[in-house]
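**Q** Listed below are the residues making up each chain.
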Amino acid sequence: MTKSGFVIANLFRKRTRTILTLLSVITAFLLFGLLQSVNTIFSAGADFVGATRLIVQARVSFTSPLPISMLPKLEAVPGVARVGYSQWFGGVWQENTPLIMFSIDPLRHHDIYPEYVMPEGEWQAFANTRTGMIAGKMVAEQYGWKLGQKIPISSNIFPQKNGSKAWSFDLVGIFDGKDENWKKRTNIVYVQHDYFDEANQFGMKGRTNFFILRLTDSARAEATARTVDAMFENSPDETKTQTEKDFNISFVKQIGDIGLIVRWILFAVFFTLLLVVGNTMAQSVRERIPELAVLKTLGFSDRSVLGFVLAEAFALCLAGGLVGLSLASLAGAMVEKGTGGQFQLHLDGSVWLLGALAIVLMSVAVGLLPGLRARRLRIVDALAGH
Amino acid sequence: MPESMVEVAKVTKVYQRGKQKIEVLHGLDLDIPKGDFVALMGPSGSGKTTLLNLIGGLDQPTSGEVRVGGSRIDQLGSGELARWRAHNVGFVFQFYNLMPVLTAERNVELPLLLTKLSSAQRRKNVAVALEVVGLADRAKHKPRELSGGQEQRVAIARALVSDPQLLVCDEPTGDLDRKTADEILGLLQVLNREHGKTIVIVTHDPKAAEFARRILHLEKGQLLEQARAA
Numbered sequence: 001m002t003k004s005g006f007v008i009a010n011l012f013r014k015r016t017r018t019i020l021t022l023l024s025v026i027t028a029f030l031l032f033g034l035l036q037s038v039n040t041i042f043s044a045g046a047d048f049v050g051a052t053r054l055i056v057q058a059r060v061s062f063t064s065p066l067p068i069s070m071l072p073k074l075e076a077v078p079g080v081a082r083v084g085y086s087q088w089f090g091g092v093w094q095e096n097t098p099l100i101m102f103s104i105d106p107l108r109h110h111d112i113y114p115e116y117v118m119p120e121g122e123w124q125a126f127a128n129t130r131t132g133m134i135a136g137k138m139v140a141e142q143y144g145w146k147l148g149q150k151i152p153i154s155s156n157i158f159p160q161k162n163g164s165k166a167w168s169f170d171l172v173g174i175f176d177g178k179d180e181n182w183k184k185r186t187n188i189v190y191v192q193h194d195y196f197d198e199a200n201q202f203g204m205k206g207r208t209n210f211f212i213l214r215l216t217d218s219a220r221a222e223a224t225a226r227t228v229d230a231m232f233e234n235s236p237d238e239t240k241t242q243t244e245k246d247f248n249i250s251f252v253k254q255i256g257d258i259g260l261i262v263r264w265i266l267f268a269v270f271f272t273l274l275l276v277v278g279n280t281m282a283q284s285v286r287e288r289i290p291e292l293a294v295l296k297t298l299g300f301s302d303r304s305v306l307g308f309v310l311a312e313a314f315a316l317c318l319a320g321g322l323v324g325l326s327l328a329s330l331a332g333a334m335v336e337k338g339t340g341g342q343f344q345l346h347l348d349g350s351v352w353l354l355g356a357l358a359i360v361l362m363s364v365a366v367g368l369l370p371g372l373r374a375r376r377l378r379i380v381d382a383l384a385g386h
Numbered sequence: 387m388p389e390s391m392v393e394v395a396k397v398t399k400v401y402q403r404g405k406q407k408i409e410v411l412h413g414l415d416l417d418i419p420k421g422d423f424v425a426l427m428g429p430s431g432s433g434k435t436t437l438l439n440l441i442g443g444l445d446q447p448t449s450g451e452v453r454v455g456g457s458r459i460d461q462l463g464s465g466e467l468a469r470w471r472a473h474n475v476g477f478v479f480q481f482y483n484l485m486p487v488l489t490a491e492r493n494v495e496l497p498l499l500l501t502k503l504s505s506a507q508r509r510k511n512v513a514v515a516l517e518v519v520g521l522a523d524r525a526k527h528k529p530r531e532l533s534g535g536q537e538q539r540v541a542i543a544r545a546l547v548s549d550p551q552l553l554v555c556d557e558p559t560g561d562l563d564r565k566t567a568d569e570i571l572g573l574l575q576v577l578n579r580e581h582g583k584t585i586v587i588v589t590h591d592p593k594a595a596e597f598a599r600r601i602l603h604l605e606k607g608q609l610l611e612q613a614r615a616a
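Taken in order, these protein sequences are the chains called A and B.
Numbering-wise, the first sequence is residues 1 to 386 according to my numbering.
Numbering-wise, the second sequence is residues 387 to 616 according to my numbering.
Bear in mind the hints are in silico, worked out from the structure with no lab data behind them.
One thing to keep in mind: the hints can contain errors.
[To be verified] Stretch by stretch, here's where chain B covers chain A in the computed footprint (C-beta under 8 angstroms, at least three residues): (1) 6-18; (2) 80-92.
[As the list claims (entries may be wrong)] If you want the footprint, here are the derived chain B segments under chain A, 3+ residues with CB under 8 angstroms: (3) 447-458; (4) 472-478; (5) 488-502.
We put the CB at the ideal spot given by N, CA and C, even for glycine.
Same shape as in the complex, but just chain A (with noise of 0.2 angstroms):
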């Protein structure tokens, strides 16, 4: 025997109680892996996208459409190497399947976003195929596309001039991305600008949602950006203009400020399983005084006996977390292979380290007021069972 199978022994002198608590620690675990997983997604995501592009929207919101005109004035902006535009399709794939999907000007998109690798052929079908769309490869992957086919895609905002919302779109490119990162934002579909803006029934002709700006040096993006905004202050369009990055965190936090609700839920969560474990532990320690007074008596130390109470907490964390947190993994992996790549919550070094820590915390909470107890515990009291 050794000290630690003591302190397991201990764990599972109540087996229903052990079993149920540890049952909770995972459950807790379980979430906060899937849900900072979530939290990185929406907060932390695209680092690698770096500052080198702007994104250029309304100031009031981006529904508000920019007009295309603008477009001139913008490639004059001191620093800027290329301006391109996207416009939000709102398309759905099948029944319901809702589709990353813009209407690009082809060749312009294609010199902004370089990390985007289709043959050169492609690109130019692409610009040449008014009905032409290209899609991400595991878009492609996912709904088994192949070049060449007749793509069926209704859209959920923009009916045809016939009032159908049913579009068809001939699939000319599959674009791959040029690294790891990038193969991963291979979930979007592109259409023809030209095309869509003369189809539309809504007559938002001549306008766009964004105009992507790439820089010459990103190190003066935030002066660029200053530019372009005070170039259409106080105009019928007023701009906000941002890095890339920065705008990818603001799209998503429409929905609500992602961060702050994980931060509450996960709050909620742990600090009832406080309540939980530490309750636990506190009960273990109350129903065992005579036992530790006895340990005390074979000569453990007060310190060590302080020990096996935090080793007890310390050990229920961990297996509760660890369990938990690669059940989150498991999960996670199912997520992203069930939505083929286009929900990304797998579980990186982060997650893990602050799920490490949680552990730790977790543990030194449960475990101290009632290790404190057992440390300053009086043998002969004790065993007297004062």
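Fit chain B to the known structure of chain A by using the hints.
**A** Structure of chain B alone, referenced to chain A:
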């Protein structure tokens, strides 16, 4: 003159219960030579267990000296006292106080976790201790699977396993029937006579006390007389 194992000199012990001070031992003197087997008797509240706790290093006197095996244990701090107990004294309690989650052999091994012995050496010592108390065949049983007498034998094996020279036993047969109690006391006698252990037991039972070499009577915190057992 035989060498002393326990020397208690002018020991007083005062407990504070709320605002009230209760003096349990009043300037008590006692000498127990090495290899002795002493039974402490007396009515409830006479200070038997208090004296036993002081001898075993479980408590400290309010004043006076307690020397065991040559060490002034009344001057040791709590950490030093814990280390001293681990190496010098074995305890046997009325209600056995075994760890219910551990098997008999694991219970006996527990004090050895405080030593630097290897796992193999610990197992060997445990086997010897269980053999001495006649429970080698019950090594894998948990306390709830043993009778009271067997549990007390395991407790004695646990007290013996680190080979202390002094065993202190608080009512070791108080929870046992006569026959089993006699077996346990017989075992303590063997440990005293054949293995040279110095043994101090507290008991209310005159028949149990007869197994000792000496019977000491305590009343109101003072030693009344010393009688030699039959």
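**Q** Taking beta carbons only, do three or more residues of the stretch 80-92 of chain A come closer than 8 angstroms to chain B?
**A** With 0 residues closer than 8 angstroms to chain B, the stretch 80-92 of chain A misses the three-residue bar; violated.
**Q** Confirm or reject the coverage of the stretch 472-478 of chain B by chain A under the rule of 3 or more residues with a beta carbon closer than 8 angstroms to the chain's beta carbons.
**A** holds (count 3)
**Q** Taking a Cβ-Cβ distance under 8 angstroms as contact, does the stretch 488-502 of chain B have three or more residues in contact with chain A?
**A** holds (count 7)
**Q** Take the stretch 6-18 of chain A, compare each residue's beta carbon with every beta carbon of chain B, and decide whether three or more fall closer than 8 angstroms.
**A** holds (count 5)
**Q** Given that the stretch 447-458 of chain B was listed as covered by chain A, double-check it with a C-beta distance under 8 angstroms for 3 or more residues.
**A** With 0 residues close enough to chain A, the hint is violated.
Hint violations for this structure: numbers 2 and 3, all remaining hints satisfied.
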